[in-house]
Amino acid sequence: MASDNNKNTDKASKTSRRDVIKTLATVPLLGAVAYGLIKTRKTAFLNRDISDVFQISNKDAVFLKPVPNGKQIRLGIIGFGIRGKQLMRALGFAEPSYIDTLVKAKEDNPDDTRLDVFLEQDNLNVVVNGVCDIFTPYSEAARITGSNINKEGTDGSFGPSPKVYRNYKEMLAADDIDAVVIAAPDHWHGTMTIDAARAGKHVYCEKPMTWTVPETYLVRQAIRESGIVFQLGHQGRQTACYQKAEEIIRNGLLGHVNLIEVCTNRNSPNGAWVYDIIEGANPQTIDWKQFEGDPERISEYLDYMKSFGLEKYVGPDEREKFSLERFFRWRCWWDYSTGLSGDLLTHEYDAANQIMHLGIPDSATSSGGIYFFKDGRTVPDVLQTTFEWPSKNMAMLYSATLASSRNRGKVFMGHDASMEISNILQITADRNSDRYAEKIEQGIIPTDKPFFTYVPGQSKVDAVTSATELYFAQRGLLYTYVDGKTYDTTHLHMREWLECIRQNQTPSCNIDEAFQEAMTAHMGTRAYLEGRTMYWDRDKEEISRG
Amino acid sequence: MENNYSKVQLTWLVILRVFIAWNFLFEGMVKVLNPNWTAKSYLLDSQGPFSSFFINMAGNVELMRYVDFFNEWGLTLVGLGLFIGCFTRLACIGGMILLFLYTMSHPSFIGVTYMMPFEGTYFLIDKNLVEFAGLGILFVFPSARVIGIDRWLIRVLPEGFRKFVI
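Chains as they are written, first to last, in the working numbering: chain S, 3 to 548; chain C, 719 to 884.
Hints are computed from structural coordinates only; laboratory data are not their basis. Among these hints, one or two may not hold up.
[Stated by the list, open to error] Below 30 Å or equal to it, Euclidean Cα-Cα: the simulated DSS-like pairs (lysine-lysine) are:
hint, chain 1, residue 1, chain 2, residue 2
1, C, K749, S, K451
2, S, K41, C, K749
3, C, K881, C, K758
4, C, K881, S, K451
Using the sequences and the accompanying hints, generate a full structural model.
Written out as structure tokens, the structure reads:
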């Protein structure tokens, strides 16, 4: 019996031991999971606080807020071509046919939000009292657009029509216009701005500010004397990233910035200014005399071209000769255009000037040619311009082609890090950086990919960018927000101008910034035309040759 | 309370359970231990017929706190439960709910690409759904009452709770 009992107890304890083993059999494997977690934590969850070497605020971009019950501003629109139409939309006035297109686009694809974005755009409290274009179908379209106060399609109900002017000077004389938007070709910008300022009208002028060098001084003088509110149309000023970029530069987070690289890459006839020739265009519907330009400006242009032996760039057509190509594709000829410098380099320069307060460069050197669009144009389609600021120990390289869409970004290169800006901003540490050396050594800051990404609208600034955010930003899934709403930068830029008129403030792209933009572009252009380096004489405020 | 699985059947059921558990537990713990983790970007990347539901969810800051908490701890507890065989059936259901939601948010449709691509090419059935089926099997072929804490729980828990176990 005793031995039986022992046997039973043995069996029972064996059973219970086996029970315990079976119950807890998988538990020891948790150790392996824990090991993996500890290893992961070591690499993935390092103390990533880099605030000791990378000081940046959580502030989002700031935009001038509209005052409630501000006075209504009565506008006149000069020029209703491609850009004129875009500016009108940014003001809240779209062609009814454009609304039709957006409605149809939304029906076809519910994800197409362009209609909603346009309809939800803030009301800027403006009225269009006058429109002016020298091409009849455009002025008629502008009239209808100005009356489309309810943002409706062709079957909509319209408000009162703005008055149509054939000559902008008549519009400037009108009492019911407070401010004008200038979207005429480049060779008219300066003259129209001067005339508008003298007539006491506030001005929003498309870039570039001027076509000739002499008029650049006159524009500045006219605006200073009249005290009007002037805004140059570099809507990039409203890009949230640029404000953050300025803070980054100010805080010295890139180290000494010694080179900026900016570029233009387009690859389509439209991008190369070969715009459509509109049906119904003929000497009866186009006021060619006005298109030719202001006689004073033309003589400034010809004086310069002749004094420096640059006749090959003038024409080749006679200025008086009617030409649909020259009318619609005016950007292709120096006779009206400022080429890549005025049209596209200025955007890049203005962005760099906003971010780094560069001012006019000490020198400019250009090269390039017509290497793809052999269509009779005189302006180059490939252009390189180098600007130097020896006093700031830095240079900026602009490189453009109209026949390759390979994008090369906008990059600020510093000793400690480089910053690339588009709609988002990314900073990559330099492997030879001093500032970040310790963090790089510790494996906290990588050098093979950006360690900081700023996406507008996300006020939380992560110390170290995750691959996810990067991916999102690159796919454009995160939008530019102002107080949680998507905005078009041109709309914001015009809103700022209108608010400055109401609040008696100075816009971001004011006459001083615009003067710098214009002179810088002229230096680049002259360097190309003359084939030699241009210098800026700061004391005399004039372009000189070495 | 033994069962009539053969040894080899039982072995493979436990292996399946531990493998799925491992997956869940590790994913969950990594998220719990990372204070900056949020499901926001994953939800924003949603595609398919329910994408707007998930994208709206991502836009609601208050709701996202709960979504993140539920996700982090859901994954962790499901993983732990399956791992040690504790309240296994409850864990199976929880895991299936999570996987179902992931699938609704990221369906494997032709031509749809995601931020975090799976390392393969799928049509309708992806690894989440295979795991979903695995949990279904584990639910109907419980192994934890043989190998796992449930072996002990079914003895000590009142009748009403046992249905979560067995």
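Here's how the hints hold up against the structure:
For the given pair, C/K749 sits about 23 Å from S/K451 by alpha-carbon distance, which is consistent with the 30 Å threshold. For the suggested pair S/K41 and C/K749, the alpha carbons sit about 14 Å apart, so the restraint of at most 30 Å is met. Taking the CA atoms of C/K881 and C/K758, the gap is near 35 Å; set against the 30 Å cutoff, the hint is violated. The suggested pairing of C/K881 with S/K451 is violated, with an alpha-carbon distance near 52 Å, which exceeds 30 Å.
Hint compliance for this structure: hints 3 and 4 are broken, all remaining hints hold.
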